[in-house]
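If you read the sequences in order, they're chains L and X.
Quick note on my numbering: the first sequence kicks off at -17 and runs consecutively.
Quick note on my numbering: the second sequence kicks off at 5 and runs consecutively.
Derived by calculation from the structure, the hints in this document are not laboratory data.
Quick caveat, the model's predicted, so the values are computed rather than measured.
Using N, Cα and C, we set each Cβ at its ideal position, and we do this for glycine too.
Mixed in with the good hints, there may be bad ones.
[To be verified] The list that follows gives simulated cross-link-like pairs (lysine-lysine, DSS-like), each with its CA atoms no further than 25 Å apart:
{"#": "1", "chain 1": "L", "residue 1": "Lys67", "chain 2": "X", "residue 2": "Lys250"}
{"#": "2", "chain 1": "L", "residue 1": "Lys37", "chain 2": "L", "residue 2": "Lys176"}
{"#": "3", "chain 1": "X", "residue 1": "Lys168", "chain 2": "X", "residue 2": "Lys158"}
{"#": "4", "chain 1": "L", "residue 1": "Lys140", "chain 2": "L", "residue 2": "Lys185"}
{"#": "5", "chain 1": "L", "residue 1": "Lys60", "chain 2": "X", "residue 2": "Lys165"}
{"#": "6", "chain 1": "L", "residue 1": "Lys185", "chain 2": "L", "residue 2": "Lys205"}
{"#": "7", "chain 1": "L", "residue 1": "Lys77", "chain 2": "X", "residue 2": "Lys279"}
{"#": "8", "chain 1": "L", "residue 1": "Lys37", "chain 2": "L", "residue 2": "Lys60"}
{"#": "9", "chain 1": "L", "residue 1": "Lys132", "chain 2": "X", "residue 2": "Lys250"}
{"#": "10", "chain 1": "L", "residue 1": "Lys(-8)", "chain 2": "X", "residue 2": "Lys165"}
{"#": "11", "chain 1": "L", "residue 1": "Lys140", "chain 2": "L", "residue 2": "Lys175"}
{"#": "12", "chain 1": "X", "residue 1": "Lys168", "chain 2": "L", "residue 2": "Lys60"}
{"#": "13", "chain 1": "L", "residue 1": "Lys67", "chain 2": "X", "residue 2": "Lys41"}
{"#": "14", "chain 1": "L", "residue 1": "Lys132", "chain 2": "X", "residue 2": "Lys165"}
{"#": "15", "chain 1": "X", "residue 1": "Lys41", "chain 2": "L", "residue 2": "Lys(-8)"}
{"#": "16", "chain 1": "X", "residue 1": "Lys279", "chain 2": "L", "residue 2": "Lys78"}
{"#": "17", "chain 1": "X", "residue 1": "Lys250", "chain 2": "L", "residue 2": "Lys60"}
{"#": "18", "chain 1": "L", "residue 1": "Lys60", "chain 2": "X", "residue 2": "Lys41"}
{"#": "19", "chain 1": "L", "residue 1": "Lys77", "chain 2": "X", "residue 2": "Lys168"}
{"#": "20", "chain 1": "L", "residue 1": "Lys37", "chain 2": "X", "residue 2": "Lys165"}
{"#": "21", "chain 1": "X", "residue 1": "Lys51", "chain 2": "X", "residue 2": "Lys41"}
{"#": "22", "chain 1": "X", "residue 1": "Lys98", "chain 2": "X", "residue 2": "Lys158"}
[What the hints assert, rightly or not] Here are some chain L residues pointing at chain X (derived, C-beta under 7 Å):
{"#": "23", "residue": "Ala30"}
{"#": "24", "residue": "Ser34"}
{"#": "25", "residue": "Tyr49"}
{"#": "26", "residue": "Ile57"}
{"#": "27", "residue": "Phe63"}
{"#": "28", "residue": "Lys67"}
{"#": "29", "residue": "Ile69"}
{"#": "30", "residue": "Tyr120"}
[What the hints assert, rightly or not] Label pairs and their calculated CB-CB ranges:
{"#": "31", "chain 1": "L", "residue 1": "Leu180", "chain 2": "X", "residue 2": "Lys158", "range": "25 to 35 Å"}
{"#": "32", "chain 1": "L", "residue 1": "Pro75", "chain 2": "X", "residue 2": "Ala118", "range": "54 to 64 Å"}
{"#": "33", "chain 1": "L", "residue 1": "Glu98", "chain 2": "X", "residue 2": "Pro18", "range": "25 to 35 Å"}
If you want the building blocks of each chain, they are given just below.
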Amino acid sequence: MIIFSGIYKKFGDTVVFDNFSDGFEEGCVNCIFAPSGSGKTTLLNMAAGLLSPDKGTVSGIPDGVSYAFQEDRLIPQKTAFGNLKFILRNIYPDKKTLEETVNRYLAEAGLGDAAELYPREMSGGMRRRLALIRAFAYPSELLLMDEPFKALDLALRKDVAGWFSRYRRTVLLVTHDPDEAFLVGDYIHAYSKKPMTLLKKFKIPGEKGGREIYGNESAEFRKRLLEPAEDGNALGSD
Amino acid sequence: MLQGKKLGTKPIKPLLYLVSAAIILAAWQAVSMTFFKDYGIIPPPLKTLEIIVGEAGKPTFARAVSDTLWKSFFSFVLSFIPAFIFAALSHIFKPLKYLFEPFITICRVMPTMALVVILLLVFGSRELPAAVAFLVVFPLVYENIYAAFGNVDKNLTVMAKSFKVPRMRQITGIYAPAVLPYLFSSVIAGFGLNIKVVISAEVMGLPSFSIGYLIRSAQQGFDFSLSFAWLVVAVSLSFVCEAVLKLIGRFCMPFQYPDFGIAKGFLTKTGKIIKSIFAKPK
């Protein structure tokens, strides 16, 4: 289990976490649902080791971590192939294996024909898919995703949702869209605005992969997620 | 490439260059036939070409061109390498930037001709052009490269760090391609300026067998047409150098010039064929 314990973090005068504690299940897709500006990305950055808490501990982080950032963060001077190769070259020192792996993941993302395109020559959706498949392609036990479905239409969202089952690993997925969480999540953790506090945490109903965004189950999930917490603290998805 | 498409200028780009060249030639012809006709200071284009062809046949021509070119190249390398190192160091250790700043500003604002006169007392006429070029080109290259380092996208370095990409690959994969376009534009701008400064210093310092020397001697012999023809040679030399540098830049930055891929592919294939001809049989 990935455990954040007694976390305190502030930027300037703004306290983002004040004695924050929560745990995330291993091997599951844990959705982090909170209003904008509450500190969701900071939470992921601490899990990635890119930021350290001022106080408290983060434990259970495996060695291999991959990160799909909120922005695509693709190298503009490299092609789709080059962008994937850049992060995988160290993992697959053999040139042939490396090229095969890169091509396999590009094909998986539906970018087989776009291997030689530079990011500026791709559409927003293509760039997003490339950024996401990069995170899945990197062999890791923990996958951090910051609003991964941004710029994807419903059909592509369903495609990407399939990757979660195919490349199973522990996922911390930040979102403020209940539908996204419902589509791919196993658990949902809902938080207040900053300083971030856990308001509710529950298993998402239904069989993942067979969930329909516009069904009754989805409506029930949405209602349970958005209704005020027991302490009266209201959630908002902005 | 994309901008060209957007503005719709790309297909007519060569035509625009030709129009521009035609305007320059027409203006040159007009000026030579009106204002300076009686003095022969500016000969018409065809006459100038005739003079250049005549000069090109003399042994002094190749020697003067190669001497000036070599001096320009040498002094440019002499300015470029320290400028690159100092810019990289200033980027890594910020206090160094503030330490260098006054020196860079002094170099930048120093009047070139006054500098030539002072340096002539210290350096010989052969070394003078290189010394002046260093002081003129160094700040330009330093500032361009420093700005280039500042433009490296921090988000990308964080991404590389999160995927545990080794530091050396971060340098070659993120820093180098981000810095390269600035590097080339500063090389192109710096080298052009360098030739100009070197020739100016040659005119003042008069090292024998140099373009500057031949411009000055023609002027002293009241052969203004010859002096002007040498000026045209100097400008042409800058044009050729700029074109060669741009070509090298296109090879080094395929991401900047995707259209160049066809030419690059052709050259790569030609290279492979040549390689296979000379390869040892297995």
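Each hint, compared with the structure:
1. L:Lys67 to X:Lys250: violated, 28 Å
2. L:Lys37 to L:Lys176: holds, 16 Å
3. X:Lys168 to X:Lys158: holds, 15 Å
4. L:Lys140 to L:Lys185: Roughly 20 Å separates the two Cα atoms, so the pair holds.
5. L:Lys60 to X:Lys165: Measuring from Cα to Cα gives roughly 17 Å; hence the hint holds.
6. L:Lys185 to L:Lys205: holds, 14 Å
7. L:Lys77 to X:Lys279: holds, 22 Å
8. L:Lys37 to L:Lys60: violated, 39 Å
9. L:Lys132 to X:Lys250: Given that 25 Å is the threshold and the Cα spacing comes to 39 Å, the pair is violated.
10. L:Lys(-8) to X:Lys165: Answer holds: Lys(-8) (chain L) to Lys165 (chain X) is near 23 Å, not above 25 Å.
11. L:Lys140 to L:Lys175: violated, 29 Å
12. X:Lys168 to L:Lys60: holds, 18 Å
13. L:Lys67 to X:Lys41: Not satisfied, since the Cα-Cα distance of roughly 65 Å exceeds 25 Å.
14. L:Lys132 to X:Lys165: holds, 23 Å
15. X:Lys41 to L:Lys(-8): violated, 78 Å
16. X:Lys279 to L:Lys78: holds, 23 Å
17. X:Lys250 to L:Lys60: Distance of about 20 Å is within 25 Å: holds.
18. L:Lys60 to X:Lys41: Distance of about 57 Å is beyond 25 Å: violated.
19. L:Lys77 to X:Lys168: holds, 19 Å
20. L:Lys37 to X:Lys165: holds, 23 Å
21. X:Lys51 to X:Lys41: holds, 13 Å
22. X:Lys98 to X:Lys158: With a Cα-Cα distance of about 16 Å, the restraint between Lys98 (chain X) and Lys158 (chain X) holds, given a limit of 25 Å.
23. Ala30: Holds, about 5 Å.
24. Ser34: violated, 14 Å
25. Tyr49: Nearest chain X Cβ about 4 Å off; hint holds.
26. Ile57: holds, 6 Å
27. Phe63: Not OK, violated: Phe63 (chain L) not within 7 Å of chain X, min 12 Å.
28. Lys67: Check failed: Cβ of Lys67 (chain L) comes no nearer than 9 Å to chain X, outside 7 Å.
29. Ile69: holds, 4 Å
30. Tyr120: Because about 6 Å separates Tyr120 (chain L) from the closest Cβ in chain X, which is inside the 7 Å limit, the hint holds.
31. L:Leu180 to X:Lys158: 25 to 35 Å: The hinted range 25 to 35 Å holds for Leu180 (chain L) and Lys158 (chain X), with Cβ atoms some 31 Å apart.
32. L:Pro75 to X:Ala118: 54 to 64 Å: Holds, since Pro75 (chain L) and Ala118 (chain X) (Cβ atoms, about 59 Å apart) stay within the stated range.
33. L:Glu98 to X:Pro18: 25 to 35 Å: holds, 27 Å
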